[in-house]
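> All chains should be modelled from the sequences, with the hints used to inform the complete structure.
Residue numbers (full-length UniProt numbering): 1 to 270.
Note that these hints are calculated values from the structure, not bench results. Glycine residues also receive a C-beta, built at the ideal position from the N, C-alpha and C atoms. Treat the hints loosely; a few may be bogus.
[Claimed, not checked] Distance windows between CB atoms, simulated:
1. V130 to R188: 27 to 35 Å
2. R128 to A245: 40 to 48 Å
3. H204 to L110: 19 to 27 Å
4. A249 to K124: 40 to 48 Å
5. G143 to T93: 29 to 37 Å
6. Y26 to S156: 35 to 43 Å
7. G30 to R151: 46 to 54 Å
8. N108 to R195: 15 to 23 Å
9. T240 to K124: 37 to 45 Å
10. V241 to F104: 19 to 27 Å
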Amino acid sequence: MFRRTSTAERARSAEALRLVKVRKVYGSAGTAVTALDEVSLSLPAGSFTAVMGPSGSGKSTLLQCAAGLDRPDSGLVMVDGAEMTGGSEAALTRFRRRRIGFVFQQYNLLPALTVERNTTLPLKLAGRRVDRERAREILTQVGLGDRLSHRPDQLSGGQRQRVAIARALVTEPAVIFADEPTGALDTRSARDVLRLLQQTVRVHGGTVVMVTHDPVAASYADSVLFLADGRLAGRLTAPTVDAVAERLAHLGDVVHHDAAPAHHDLTAGV
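Right, dumping it as structure tokens:
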């Protein structure tokens with residue numbers, strides 16, 4: 001089991017992620033591009049949310065700002081009840097190491113380290129005690145209990161991504177941010193990875209925010225947030241592949257015909 005200590009459980013906020021009027025602009029003057037246009041949202045702890053939108057919609061920027069990998073120009077970002085938009089880069093790095101887990105399309109494993117040592121690396125970077133028993137427990141849960149001493153080049157793509165998920169889980173993060181986690185995998189491996197992310201939420205109480213372009217991947221989530229032109233353009237609960245594909249096909253229509261204010265606020269009822 002992916003156990004948490006009782007202290008961590010008590011300290012965990014009921015709200016995993018909150019964004020309030022987050023704005024991010026790249027470039028300046030005539031070349032300025034608004035990647036996020038006053039985006040507001042709230043995601044509860046213990047939820048699996050997919051973020052979708054066409055190329056240039058702002059979904060990757062949303063993940064980067066929400067995860068503390070980039071700073072918004074204005075607005076507020078809170079993870080697990082703590083504000084991330086202030087403070088120094090060093091403080092932000094410490095916060096990410098304690099409270100946030102990452103799973104990327106590229107596995108970002110160190111080739112010289114074994115599966116077990118890649119998994120425990122975030123604990124060392126955060127200056128925390130390395131609990132090898134817990135790491136082995138997690139690796140067994142993700143189906144790699146017999147691969148502890150293997151190196152990344154001895155694993156398949158799906159197995160490498162499972163190591164990345166184990167690495168994200170080992171610090172007991174408040175939120176795991178996954179950026180196209182199945183983009184480089186075959187269909188079977190992708191399905192296994194998505195089921196592991198589901199298990200992280202449904203069985204072990206974690207929170208996952210996943211950026212994806214794939215309606216099949218999005219259908220594994222509890223809900224889907226849609227972005228277009230840097231704005232939130234809707235939300236779909238209990239998504240199916242067909243429903244997600246249909247919403248994506250008409251996403252431009254929703255944005256262009258929207259006569260509401262300049263941003264959608266999805267902080268209520270999420």
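> Give a verdict on every hint.
Status of the hints after comparison with the structure:
1. For the pair V130 and R188, the beta carbons lie near 32 Å from each other, so the given range of 27 to 35 Å is met.
2. In this structure the hint that R128 and A245 lie 40 to 48 Å apart at CB holds, the actual value being about 42 Å.
3. Our hint of 19 to 27 Å for H204 and L110 holds, since their Cβ atoms are close to 26 Å apart.
4. Judged by the Cβ atoms, the range 40 to 48 Å given for A249 and K124 holds: they are separated by roughly 46 Å.
5. For G143 and T93, the hinted distance range of 29 to 37 Å is satisfied, since their beta carbons lie about 31 Å from each other.
6. Range check, Y26 to S156: Cβ separation about 37 Å, and the 35 to 43 Å hint holds.
7. Between G30 and R151 the Cβ separation comes to about 50 Å, which falls inside the hinted range of 46 to 54 Å.
8. Taking 15 to 23 Å as the suggested C-beta distance range, the pair N108 and R195 conforms, at roughly 22 Å.
9. Taking 37 to 45 Å as the suggested C-beta distance range, the pair T240 and K124 conforms, at roughly 42 Å.
10. One distance hint, 19 to 27 Å for the beta-carbon pair V241 and F104, holds here, with the actual separation near 24 Å.
Of the hints listed earlier, there is not a single one the structure fails to meet.
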